[in-house]
Amino acid sequence: MKTHSRVAHLAILLFLFTLHVAASPRAAGSSPCTSANGNIFNLEPRPNAVTQAALSVAFLPNGAGAGLDLVLATATDQRGLSGSPEAFYVQRSTENCAADLEGGLPSISASGNVFAPVGTPIAVADPAHDAFFIADLRVSSDPDLNGVGIVKATAANLLNPTNCPAGTQTTGSAGCFTTGSVFNITSINNFLVDPNLAVDQRTSGTGAGDVYTVVTETLSKNDFADTSISLMACTNADLNCSNNILISGTDKEAKFAWVQVRPDGLITLSYVNYNSLTAKSEELKFVTCTPNGAPNAPTCSAPVLITTETFLRRIGQTRLEDFMMPKHAHRLESNGTFTTFLVYDRCEVPLLALSKADSLTATCPKTDVVVTSSTDGGQTWSAIAKVSNGPFQQFFSTIATDSSTGTVNIAYYSTENDVTFQTRPQVFLAQIVPGTTSVGTPNLLTSASIYPNTTAAIPTQLEPLGLGDRIGLAAAGTGTAGQSHAYVGFTWNSVFGTYGGTALPDMNNHLTFLQY
Amino acid sequence: MKSLTTFALIMVAHMLLLTTASSAATVPCSSPNGARFNLEPRAKALPQASAAVDFLPNRLGAGDDLIVEVGNDSRPRLASGDGYYIHRSSTADCSVQFEGGLPDFTFQGNEVSGFGGTTVAADPARDAFFAADARLGQTGGVGLFRASVSTLLDTKACPNGTHTAAKSTSCWTVTPPVLLFPVPGAFAGDVFSIAVDERSTSDGTGAGDVYAVTEIADNTVNNVSLAACTNTLNCGPAIVISAKEAFQSSSYVRVRPDGVITVNYVGGNASGLDIKFVTCTPAGAPDPPVCTAPTVVQKVTGASPNPLDINLKPFLFPKHAIRAEAGGKFTTFLVYDNCQSTFAPPDSNAECLNAEVLLTTSTDNGKTWSTPVSVDTAAGNHLASNITTDPVTGKTQIAYYSSEGDPFQHDVRVFSSQINPGSTAPGAPQMVTQTLDPLDGTETTLIPNIGFIGAAARGTSAAMPSRLYVSFTSSTVAGTYEGFSAPDLNNSITQVSF
Chain A
1 MKTHSRVAHL AILLFLFTLH VAASPRAAGS SPCTSANGNI FNLEPRPNAV TQAALSVAFL
61 PNGAGAGLDL VLATATDQRG LSGSPEAFYV QRSTENCAAD LEGGLPSISA SGNVFAPVGT
121 PIAVADPAHD AFFIADLRVS SDPDLNGVGI VKATAANLLN PTNCPAGTQT TGSAGCFTTG
181 SVFNITSINN FLVDPNLAVD QRTSGTGAGD VYTVVTETLS KNDFADTSIS LMACTNADLN
241 CSNNILISGT DKEAKFAWVQ VRPDGLITLS YVNYNSLTAK SEELKFVTCT PNGAPNAPTC
301 SAPVLITTET FLRRIGQTRL EDFMMPKHAH RLESNGTFTT FLVYDRCEVP LLALSKADSL
361 TATCPKTDVV VTSSTDGGQT WSAIAKVSNG PFQQFFSTIA TDSSTGTVNI AYYSTENDVT
421 FQTRPQVFLA QIVPGTTSVG TPNLLTSASI YPNTTAAIPT QLEPLGLGDR IGLAAAGTGT
481 AGQSHAYVGF TWNSVFGTYG GTALPDMNNH LTFLQY
Chain G
517 MKSLTTFALI MVAHMLLLTT ASSAATVPCS SPNGARFNLE PRAKALPQAS AAVDFLPNRL
577 GAGDDLIVEV GNDSRPRLAS GDGYYIHRSS TADCSVQFEG GLPDFTFQGN EVSGFGGTTV
637 AADPARDAFF AADARLGQTG GVGLFRASVS TLLDTKACPN GTHTAAKSTS CWTVTPPVLL
697 FPVPGAFAGD VFSIAVDERS TSDGTGAGDV YAVTEIADNT VNNVSLAACT NTLNCGPAIV
757 ISAKEAFQSS SYVRVRPDGV ITVNYVGGNA SGLDIKFVTC TPAGAPDPPV CTAPTVVQKV
817 TGASPNPLDI NLKPFLFPKH AIRAEAGGKF TTFLVYDNCQ STFAPPDSNA ECLNAEVLLT
877 TSTDNGKTWS TPVSVDTAAG NHLASNITTD PVTGKTQIAY YSSEGDPFQH DVRVFSSQIN
937 PGSTAPGAPQ MVTQTLDPLD GTETTLIPNI GFIGAAARGT SAAMPSRLYV SFTSSTVAGT
997 YEGFSAPDLN NSITQVSF
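Residue numbers (this note's numbering), protein chains in the order written: chain A, 1 to 516; chain G, 517 to 1014.
Everything labelled a hint here was simulated from the structure, so no lab data went into it. Each residue gets a CB set at the ideal place from its N, CA and C atoms; glycine is no exception. Heads up, some of the hints might be wrong.
[Said to hold, decoys possible] Stretch by stretch, here's where chain G covers chain A in the computed footprint (C-beta under 8 Å, at least three residues):
{"no.": "1", "stretch": "332-341"}
{"no.": "2", "stretch": "410-423"}
[Claimed, not checked] Pairwise CB distance ranges (calculated):
{"no.": "3", "chain 1": "G", "residue 1": "S857", "chain 2": "A", "residue 2": "G67", "range": "41 to 49 Å"}
{"no.": "4", "chain 1": "A", "residue 1": "G67", "chain 2": "G", "residue 2": "T951", "range": "55 to 63 Å"}
{"no.": "5", "chain 1": "G", "residue 1": "S1013", "chain 2": "A", "residue 2": "T308", "range": "53 to 61 Å"}
{"no.": "6", "chain 1": "G", "residue 1": "P923", "chain 2": "A", "residue 2": "S109", "range": "34 to 42 Å"}
{"no.": "7", "chain 1": "G", "residue 1": "R558", "chain 2": "A", "residue 2": "V114", "range": "35 to 43 Å"}
{"no.": "8", "chain 1": "G", "residue 1": "A895", "chain 2": "A", "residue 2": "A166", "range": "31 to 39 Å"}
{"no.": "9", "chain 1": "G", "residue 1": "S857", "chain 2": "A", "residue 2": "L444", "range": "35 to 43 Å"}
{"no.": "10", "chain 1": "A", "residue 1": "L444", "chain 2": "G", "residue 2": "P923", "range": "14 to 22 Å"}
{"no.": "11", "chain 1": "A", "residue 1": "A383", "chain 2": "G", "residue 2": "P923", "range": "37 to 45 Å"}
{"no.": "12", "chain 1": "A", "residue 1": "V114", "chain 2": "G", "residue 2": "P923", "range": "42 to 50 Å"}
{"no.": "13", "chain 1": "A", "residue 1": "G67", "chain 2": "G", "residue 2": "A895", "range": "53 to 61 Å"}
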């Protein structure tokens, strides 16, 4: 009897321990996803390897089977797969953050022209419709036009080895992405940059399932410094898109737009108005739009000023550059209201007034990742707070809400553990748990660090500097503690290439996650 | 008895206090990362990069050397960016008592200003230092300065602290500086070098003379030229010592213990690059020496690779040092950075994958040379080599940066290798600084030339240890910027006793 009670006691303890482990964030373990460097997320052979820089990541939890997420990431890829500097990477066979297939994106015919992909592919998942969307920049020649491309892949198609074979696809992957469209087509003189997109995850109501895309357009009629931001709405099924509408109002240098859809279908955008003629005038703005059901364009409010910041350029005494690229995410509260969290990188102090203090090359001695929140639809915002109190440099912040748990995730690089030189970054993930607006203690995702200032052994015309300019982040789960993942796609050079027989650092898109 | 004990205790306590006070102010030369060798305040610190160092052993006291380091200095308030940094205190350490930028001076009625390439040479026999830098003005060229030790130790002429232009002038122009290799506008040549005939003044023709060598190139001429000056800077005309190659670079001059002037340089033509060697017989400055035709030391087979990293690169700047042997013979050691293997990406220039330091030797005064050997065969890049021979012990020291131990092959430490008397083989590499330093990770817009290491080895007697000083650039000492600490490039120094 006594023995039985001891066994029962041990069994209860073991059960509780298992529950505890399952419910606790897990940044380290046996999974390649949580190894010291995460896992390289491309299939490029090591001889003569070229640069990949992470842009985005999206996934469908358990989308490839029970306990197996279907993950889609994008990166700048200098291999030129399908003739363009962009690529996608898919995990579908094993939960190991390793790519099973990769490729360039297909060209798209529109308005009698063939538009080829030219960069900045951004992916989002659409769990409600079991699909993924990627927006990117497109160009056609004769006449010289550019536009925003959007392609769709159903989960079924990405899992189909016939339509979407394993390995490296070099002919455009049209079998994976069967639906595509190009819109916001303009003259190449009105150059488009920085596309972003979001999907309305609802299954009913005006706008449900619609796909929204934003892009920055240069206005050559004035000056290439003049830029504005446009928003388009597309139908989910066939990507039938609205006309683009201007959402940046009278702002002359609007850029780095980020779009999200609130759980009630409201479209929200944040962006920067970079006033290059004023010393302290990077204005962060916020716009809300009411859906009208694609292909009808939404109806948008005038931009609201969140805050004004100084210029942000070089990160500390490194060669890495940073730009103020605000990103936001929404959380549905238990009372049906919404809290909007917005993160961005900023310089904690004025840029160094050294002889190098011009706006292009000035150095920020302390780069911070900061967060602010709004509970009134973006009309007013809380005081700016630092996500991390770590020393040295925190940068490339991004944010995503796990709607299954209401957990807000914030990922960034930090050099806080490089005490002497402040140069070697690691990847961190901080969380805001439901019911609060304060950030918890950040989790270290990569126990290793890298020297980020390496030069590509094979230089390419369009390769990004250092770690690129961003981190990808996606968070989702089943709602059960311990079954959520926050995937972070980042740029890392721990896996070397080989060049003439010599191993040298090579930048690759990597993938890691936090399980919580 | 009791009072004696008390007295002894008081004396011991006093000595301990003195020792403690002295230790607190001491800047050890041989600490794990050497010592920062400038006086710049840490707030908003700007980059300095070391170029060269020389010293007079025990000149300030037993074990206390008078040290002069020069380099590039980004501080705008110095007389020029051609920095000088001097240790002269009675504490045998690597503290700096004064610093500044080499001053403007007048040449043919017009001011000439310094703008880089600074180098230095000590002259133990005449108790002086010489410094040289690139100059620009209505006429440009190479500025040559002389400062006697008595001046450098004179706290009125050379006060402690950071010198203004006036103080730099009082410190460095007691002997009027001269402009060598004059050209219109700015000096446009490659790197230049100076050397002193360190023999006692009565030891023969040329003793005490100062030699400068550089490549001169403009639209009409290109050559390597050599100028000879008396010890008080009465200089003669420059003579051409190169052999009409298509182009020349990287000239470097030394003076053999018997007064023969030796020069190495790089000559190029359609078939590639050659490291060349010239010997010259002194004629007594200001008369120019008489030189032989150049001989080829080595053909550089690795071509001239682009650096894999733009800020820290293997730079083809061969340097040599000469060891006196018994019977009036000499062994000449020459080191240079070589690209062990290159990689040529499609549609792009060749890049260097792994730099090495090569050593070649001549025992017939430069006529023939041994097959080059790699000074350090460990994995990684080895570069910025320099070489110096201690005339007292005959030991030759090679100093260089090595990325050994850094998987990313970018962070570097200072290493040295010793060639013992009677041998021509480099000794096992010795780690001089301990911390792998990402020199090329900082200061992007004011980046100085961090590709040089200075080295000087001297002793006073075979019975006492000699010292090697290595000047280098380091980012281990941080600056503060708007209250935040961040890495800062500094000219630094370290010492090795041997």
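Consistency of the hints with the structure:
no.: 1; hint: 332-341; in the structure: violated (count 0)
no.: 2; hint: 410-423; in the structure: holds (count 4)
no.: 3; hint: S857(G) x G67(A): 41 to 49 Å; in the structure: holds (47 Å)
no.: 4; hint: G67(A) x T951(G): 55 to 63 Å; in the structure: violated (45 Å)
no.: 5; hint: S1013(G) x T308(A): 53 to 61 Å; in the structure: holds (59 Å)
no.: 6; hint: P923(G) x S109(A): 34 to 42 Å; in the structure: violated (47 Å)
no.: 7; hint: R558(G) x V114(A): 35 to 43 Å; in the structure: violated (59 Å)
no.: 8; hint: A895(G) x A166(A): 31 to 39 Å; in the structure: holds (36 Å)
no.: 9; hint: S857(G) x L444(A): 35 to 43 Å; in the structure: holds (37 Å)
no.: 10; hint: L444(A) x P923(G): 14 to 22 Å; in the structure: holds (20 Å)
no.: 11; hint: A383(A) x P923(G): 37 to 45 Å; in the structure: holds (42 Å)
no.: 12; hint: V114(A) x P923(G): 42 to 50 Å; in the structure: holds (45 Å)
no.: 13; hint: G67(A) x A895(G): 53 to 61 Å; in the structure: violated (42 Å)
Hint compliance for this structure: hints 1, 4, 6, 7, 13 are broken, all remaining hints hold.
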